[in-house]
Structures are given as C-alpha cells and as structure tokens.
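Peer 1: Can you build the whole structure from these sequences, using the hints too?
Taken in sequence, the protein lines are chains F and Z.
Quick note: the first sequence, position 6, residue 6 per my numbering, numbers continuous.
Quick note: the second sequence, position 13, residue 13 per my numbering, numbers continuous.
No lab work stands behind these hints, which were simulated from the structure alone.
Any given hint might turn out to be false.
In this list, chains with the same sequence are indistinguishable; a pair is considered to hold if it fits within one copy or across any two.
[As the list claims (entries may be wrong)] In silico DSBU-like pairs for lysine-lysine, Cα to Cα no more than 35 Å straight-line:
(1) K117 / K185
(2) K117 / K255
(3) K117 / K299
(4) K255 / K233
(5) K117 / K80
All figures in this text were calculated on a predicted structure; none of them were measured in a lab.
2 protein chains.
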Amino acid sequence: MTSRAPNTLPNGVFAAVLTPLRDDYSIDHEAYAEHCRWLLANGCDGLAPMGTTGEANSFSVAERIEAFERLVEAGVPASKMMVGTGCCSITDTVALTRHAVALGAGGVLMLPPFYYKNVSDDGLYAAFDQVIQRVGDARLKLYLYHIPPMSGVPISHALIGRLIRRYPDTVVGMKDSSGDWNNMKTTCEMYPGFRVYAGTEKFLLPILAAGGVGCISATTNITCRLAAEVYAKRATGEGQGLQQTLTRVRDALEKYPVIAALKRLTAERTGHEGWRLPRPPHLPLDDARFEALQADLQKLGFVAP
Amino acid sequence: MTSRAPNTLPNGVFAAVLTPLRDDYSIDHEAYAEHCRWLLANGCDGLAPMGTTGEANSFSVAERIEAFERLVEAGVPASKMMVGTGCCSITDTVALTRHAVALGAGGVLMLPPFYYKNVSDDGLYAAFDQVIQRVGDARLKLYLYHIPPMSGVPISHALIGRLIRRYPDTVVGMKDSSGDWNNMKTTCEMYPGFRVYAGTEKFLLPILAAGGVGCISATTNITCRLAAEVYAKRATGEGQGLQQTLTRVRDALEKYPVIAALKRLTAERTGHEGWRLPRPPHLPLDDARFEALQADLQKLGFVAP
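Peer 2: Structure representation (structure tokens):
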C-alpha cells in the first residue's frame with residue numbers, strides 16, 4: 001500500500017438498495033440501475049447496494065460482481081456506493097472487495113464471516129486482517145457491518161479499536177444495524193472521526209448529534225425524500241418534527257417482512273410487477289398484508305412515492 | 001426426473017471430516033484424501049466432508065468443488081460421502097449439489113439458506129424446492145442439515161413433513177446437530193424410514209434405539225475407533241458401557257474450540273504440523289489449551305489415535 005485515498009462517500013442519507021429480479025430469480029440489471037438513479041434523484045446522498053436489504057447473500061459471487069459492474073456501466077456513480085462484500089469465506093470477500101475497489105467504489109460494507117457463532121475477537125481480527133492484506137489496495141475504504149440480528153456475529157468496540165489502530169486509512173467507518181442506540185452512540189464517542197452510519201433513519205438526527213455521519217437504511221428505498229428533508233433541516237426545529245414523522249413511518253414499515261414490503265411498494269411506484277419478487281427464503285408480500293401496510297401508512301399521512 | 005436411485009449411504013458412524021490447509025490457507029488435497037482414507041480404515045462407515053467441522057462455509061464454491069473432485073480422484077469412494085452443499089444462495093447450493101451428484105456422492109448435506117433469520121417455513125420450503133427443481137436429478141439424495149446453534153435457521157418438523165411428501169425419493173434424511181435429544185427422537189417417531197443421523201456420537205446408541213441410522217460427528221475424527229466399537233456392539237451390554245466412555249470423551253472434547261482442538265490432535269497423530277491451521281475466524285489451539293485437553297483425555301483413559 002503506497003498512497004492514501006480520500007474518503008469519497010458522502011455523509012447523509014443512504015438507501016440499502018433493493019435488488020429487482022426477473023421471473024427466474026436472476027437480477028434485472030436495467031430495473032436495478034433505474035432504481036439507483038431514482039434514489040439519487042429523490043434524496044439519497046449515497047447508495048449501499050448488496051447489503052441485507054439487497055439480498056446480497058442470496059446471490060453468488062459471480063452474480064454480485066456482474067450486478068455491480070452493470071450498475072457502473074449504466075452510469076451509477078461508483079464513488080457514491082458502499083458495496084456489500086462480506087461473505088462467510090475470506091476467499092469470496094477478497095474477490096468481491098477487489099472488484100468493488102477496482103471499479104472505484106467509494107467504500108465497501110463488510111460483514112464479518114458469519115457462519116460460525118461465538119468466535120473470538122482474535123479470530124475476527126484475523127479474518128479482516130487477511131482480507132485487507134490480500135486485497136492490498138490503498139484505495140480500499142472499509143466499513144464494518146455490525147448487524148447481529150442477522151449475522152449472529154457482533155463487532156465489538158474492542159475489535160473496532162484494534163482494526164482502526166492497525167489500518168487507520170482503510171477501516172474508516174461502520175454501519176450499525178444492531179438497533180441498539182447505546183452501541184452506536186458509544187462507537188461515536190470512543191472513536192471520533194470514525195464514520196458511523198446508523199442502520200435506520202429513526203436515528204438519523206440522533207446519530208448526527210452524536211458525531212455520526214448519516215444513516216443507511218432498508219426503508220429509505222421508500223422514505224428517501226422525507227429522510228432527505230430531515231437531513232437538510234437537521235439544524236432546525238422543523239427537522240426535529242420531521243424526524244418524528246420519519247420515525248413513525250419507519251416503525252410502521254418494520255411491522256412487515258421488510259424486503260417483501262419494500263419490493264411491493266416499489267412495484268406500485270414503478271408499475272413494474274417484477275419488482276415484487278424476492279429470492280427464497282423470502283417470499284412476495286401477499287395482497288392482504290399489502291393492504292394492511294397501505295392502511296398503516298395512510299393513517300400516518302405518509303404518501304409512498 | 002426419470003428413475004429412482006437407491007440409497008447408497010451406509011448406516012453407522014460418520015466423521016464430519018476436517019479440512020487440512022497449507023500455510024496460505026488453501027486446501028491440502030493430499031492430506032485431505034489421506035485423512036479420509038484413514039477414517040474409513042479406522043471405524044468410519046461413511047464420511048461427511050464440507051460440513052461445519054470441515055469449515056465448508058469458509059471456502060468458495062470453486063474451492064469446494066475442487067476439494068471434492070480431488071478426493072474422488074484420489075480414490076475416496078463418493079458413494080460413502082455425504083457432501084455439504086448448502087449455502088446462503090440457492091445459486092451456490094445448486095452448483096455444489098449438481099457437482100456432488102454428478103460425481104456420485106451418496107448424498108448431500110444441505111443447510112437451509114442461513115443468512116436471514118426468522119424466515120417462514122414457506123420461504124424455506126421454496127428455497128429447498130428451487131434447489132431440487134434446478135438440480136433436476138433423480139440421483140439426488142438430500143439430507144437436511146438442522147444445526148440451529150450455527151445456522152440460526154432451524155428446520156421444523158412441519159417443514160420436514162412437507163418436503164418428504166413432495167420429494168419422497170429425494171429428501172431422504174437429516175443430520176440433527178441441534179444437541180436437542182427430544183427433537184431428533186421426535187423426528188424419528190414422526191417420520192419412520194427417514195434416515196436420521198445424530199450430530200454427536202453421544203447419542204449413537206440412543207438414536208439407533210429410536211429408529212435413527214447413525215451419527216455424523218466432528219469428534220469422530222478422533223473417536224472413530226471407539227465409536228465403531230460401540231456401533232458394532234450396539235446390541236450388547238458391553239456396547240452400552242462403551243457408549244458411556246464415548247460420551248465422556250465427547251464431553252471432554254466439547255469444552256475446547258472443537259475445530260482447532262481436533263486439528264491439533266490430528267497434527268499430533270500424523271506428525272504433519274500443517275494440520276494445526278484452521279481458516280479465520282477460527283484460530284489454532286494454543287499450547288496451553290492443548291496440554292489441558294491432553295490431560296482431560298488422559299484422565300478418561302482415552303488414548304487419541
């Protein structure tokens with residue numbers, strides 16, 4: 001590693017981008033790029049494709065590489081993307097990370113190896129260390145992905161500290177999807193300058209006040225305009241009021257299987273039925289639940305875009 | 001699917017085969033085949049390569065395909081192998097399963113897609129259904145892999161029933177690594193003829209008495225001779241006594257990080273230092289713990305082979 005690369009990822013509102021499928025469960029690249037452009041035109045400062053919401057782990061490495069390549073070819077700016085690259089196997093994580101960096105990704109979002117549970121911090125450190133060494137590229141900007149409800153493998157504050165000390169120009173931030181406000185607040189306090197994104201827009205203003213840089217959320221696929229307004233007015237009383245509305249909308253969406261619900265809402269917005277389909281083990285939202293969801297949003301006066 | 005294939009996997013004692021590595025964490029194919037042959041010559045009726053103990057999910061699909069291919073080329077009988085093929089992505093699971101079946105594997109051991117937690121039985125059914133349909137090969141003998149402590153995704157009795165009814169000649173058995181005796185006993189009772197292997201040799205005689213067919217275990221990489229003796233004498237009082245010894249040895253081994261401990265013991269047996277190394281997030285067993293383990297085994301009068 002020879003020279004330091006600047007951080008190119010913006011602060012603010014990111015969507016954990018949904019991945020549209022064709023009938024045979026392959027990725028619909030055209031609809032994917034279109035959705036990315038729509039998100040950037042409707043309030044998103046940046047994008048996080050191939051995260052939990054993007055069903056990343058439901059695709060093979062080859063499918064993920066092609067998906068990112070096609071997005072970049074379609075003109076979605078790589079510098080605004082934090083691409084999910086963390087797999088169970090360091091071999092796969094290295095392949096995806098190298099590819100993302102080579103194409104100019106602003107950052108990568110890296111799960112710890114997540115099959116084995118109750119592994120030691122020493123073991124997780126060894127895994128991240130191997131990946132960084134093997135990628136061997138000073139342009140790499142790595143964001144740790146802390147999402148214990150799915151991964152089952154938390155990233156401790158001690159581990160963050162150790163990685164930052166060893167790789168200060170590489171391990172630059174985190175997405176905290178624990179849902180645990182105290183955990184993200186403590187990270188901001190312990191490691192000033194470390195770029196913490198909350199994993200939900202519920203904590204958009206709180207995380208900014210605590211020293212974090214923004215949010216990366218599943219539901220901003222739908223709430224992006226409102227979230228952007230909250231972010232723009234973050235220093236004002238109006239911003240605080242809008243945050244309350246945003247939080248209530250998020251709470252309403254959270255009651256449904258979130259990937260299926262967001263895909264169904266996106267199918268409505270775009271008029272493209274194909275959007276409804278997630279890959280198994282997820283299933284499309286049925287009509288009854290969709291109607292209930294619409295009623296819930298209506299009660300809040302939220303008009304889905 | 002045109003013709004039914006017979007079940008070729010034996011009943012009895014299986015090892016969840018350890019995967020030896022070279023210094024650069026690549027698979028040591030020669031040591032792997034040698035260990036497989038040693039296990040079959042030292043009490044194992046069958047082998048389960050690329051399971052949890054084999055660090056399967058720490059390797060890429062390409063690495064796993066090469067590993068199985070090299071084993072078969074080296075003369076390890078495919079018909080005695082239940083090969084781990086379950087990944088987070090159905091794309092990957094299909095690729096691995098097709099390959100295993102094409103090479104004549106006696107069965108495949110299939111995890112459910114394990115990244116997403118709290119998914120519905122309908123969603124898991126859809127995932128297995130997709131895989132079976134896409135593999136589209138009547139030779140496929142699928143064993144469900146129930147290991148909630150690692151996968152976080154249990155396979156319910158209702159789901160088993162539904163899969164058996166739809167695919168009676170394909171979904172033929174299960175490895176139950178829940179550690180929950182009642183769960184495996186109930187499976188045997190509910191689905192007679194369904195081939196249940198206990199995920200630990202502690203339950204070898206109990207599972208046989210309940211109608212199951214054997215055990216597939218991490219620790220039989222070390223206890224294979226004793227486990228084979230228990231199996232051979234299963235109808236006798238001596239077998240019951242030996243089961244107690246076997247259980248105590250298993251309990252002793254379980255107190256240590258099991259992959260690292262078993263690899264260290266195998267390094268001792270073979271005189272091949274390379275055996276000590278697991279892939280991150282696992283780490284080699286340090287000397288202090290290894291000495292403690294040896295002392296524990298000695299107290300039980302167990303001589304590791």
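Peer 1: Each hint needs a verdict: does it hold in this structure or not?
Peer 2: For each hint, the structure was consulted:
Within a single copy, K117 and K185 get their C-alpha atoms as close as 25 Å, and across copies as close as 26 Å, so both meet the 35 Å cut-off. Taking identical chains as interchangeable, the C-alpha atoms of K117 and K255 lie at most 35 Å apart whether they share a chain (27 Å) or sit on different chains (15 Å). Taking the closest pair of Cα atoms, K117 and K299 come within 35 Å of each other only across two copies (30 Å); inside a single copy the shortest separation is 41 Å, beyond that limit. In this assembly of identical chains, K255 and K233 lie within 35 Å of each other by CA distance solely inside one copy; the values are 28 Å within and 55 Å between copies.
Taking the closest pair of Cα atoms, K117 and K80 come within 35 Å of each other both inside a single copy (32 Å) and across two copies (29 Å).
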